[in-house]
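In the order they appear, the protein sequences are chains A and P. Just so we're aligned: 171 in the working numbering is position 171 of the first sequence, and the numbers increase by one with no gaps anywhere. To convert, count from 1 in the second sequence and add 1000; that's the working numbering.
Don't take every hint at face value.
[Claimed, not checked] Cross-link-like lysine to aspartate or glutamate pairs, in silico, EDC-like; alpha carbons within 20 angstroms at most: (1) P:Lys1159 with P:Glu1074; (2) P:Lys1159 with P:Asp1065; (3) A:Lys155 with P:Asp1167; (4) P:Lys1159 with P:Asp1072; (5) P:Lys1206 with A:Glu36; (6) P:Lys1206 with P:Asp1065; (7) P:Lys1206 with P:Asp1167; (8) A:Lys155 with P:Glu1067; (9) P:Lys1206 with P:Glu1074; (10) A:Lys155 with P:Asp1065.
What the hints contain is simulated information worked out from the structure, not anything from laboratory work.
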Amino acid sequence: MWTTLLELLLHGAVWSMLAVGGSNVTLADIQRYTVETRHWLTAAQFVTFYSITQAAPGPNGMAVALIGLQAAGLPGALVSTLANCVPSSCIAFFVGGWAEQHREVRWVVAVRRGLAPVTVGLLGSASFVLAREIDINATRIGLTLICAAIAFRSKLNPIWLVLTGALLGLSGVM
Amino acid sequence: MTALIPDPVLDSMPDSVPISTPDSEFKPTPSARVPTRLELFRNFALVGLTGFGGVLPWARRMIVDREHWLTDREFAELLPLAQLLPGPNVANIATILGRRYRGVTGSAVAVFGLYLFPTIITILLGYAYQRWSDSPIMHRLLNGLMPAAAGLMIATALKLVVSLPRDIQSLVLVCITFAAVGLLSLPLLAVLAVLAPLATWLAWRKPAVRS
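With the rest of the complex left out, here is chain A (with noise of 0.2 angstroms):
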């Protein structure tokens, strides 16, 4: 138990600090190690647990808390959450630290000018491809194109776009 509680929180703190660019480029690793390494969960619960965490409201990388919770009950979910999370706002602390004590250097304003559109290409990216593994069918890219228009262009509350869409799911017609 101990030493399972260890490793989680060790491995955690790891894959927290790799995690450069979001939480998916350390998924491979993640999977190699508590599924085939250590026969935490099958490769097939690895799948849903993703895709619970995906739908479940929170920041991405919320799928090492049911991991942990699978290895080690509720002590482990709450340590890998804790060694999820924390390594890497302690770096973004000292770093957004410092970035805000030069933020009128003249290199580092260059470098957040220039870099905004590029990040917002990459948002732009992310979002293709997550509508694109995700609307299999013209209902659903109807459904994207419908709520990317709303709220883009209203100010009504997203929370009822999300919900309108999990009510037609469950009502079948997705």
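Let chain A serve as the given structure and place chain P on it in line with the hints.
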């Protein structure tokens, strides 16, 4: 919830009073709102609670539309840093904004708030899954919820695109990045190795031109 706030004096200060933050170079503009720790906690907790299918759209909505901490442009300029740092980008945004407004405790309450509800909900879902395993209801729910969530992501990207300076340079960079990563699926690191220095150099050359 109020027990989480360690410093009632600072938190009760009016928003317009400039706070001495660890970074003396950062001066809030007169119109900029400086949130209290309770506000940081509450707003990021709400983002965590509502962020079905991805928290970024909800974080942008809270920070830009509802609380007016940043403009769309400033949010777009904060994103590269949040994305290049390890960890989920909204957790990094919570850390950086928490630090900017209220120092180390600000970061701590913002990140704690962001993770509070998702952790509880995820663990409850985990127990539900162990109990009912692979029920068709979960699949049906995801089938409708995920297309809607994808729509929100697209709308967020569009809002940030229109916030960028209206010049050819920004437009071309957005399109090249989208084509390289989204359409051609080129490796992210290779794309950034080429585009990041190029984009920085272009911004360096004309620092005065800001629309």
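Verification of the supplied hints:
no.: 1; hint: P:Lys1159 with P:Glu1074; result: holds, 12 angstroms
no.: 2; hint: P:Lys1159 with P:Asp1065; result: holds, 11 angstroms
no.: 3; hint: A:Lys155 with P:Asp1167; result: violated, 27 angstroms
no.: 4; hint: P:Lys1159 with P:Asp1072; result: holds, 8 angstroms
no.: 5; hint: P:Lys1206 with A:Glu36; result: violated, 52 angstroms
no.: 6; hint: P:Lys1206 with P:Asp1065; result: violated, 30 angstroms
no.: 7; hint: P:Lys1206 with P:Asp1167; result: holds, 12 angstroms
no.: 8; hint: A:Lys155 with P:Glu1067; result: holds, 14 angstroms
no.: 9; hint: P:Lys1206 with P:Glu1074; result: holds, 18 angstroms
no.: 10; hint: A:Lys155 with P:Asp1065; result: holds, 9 angstroms
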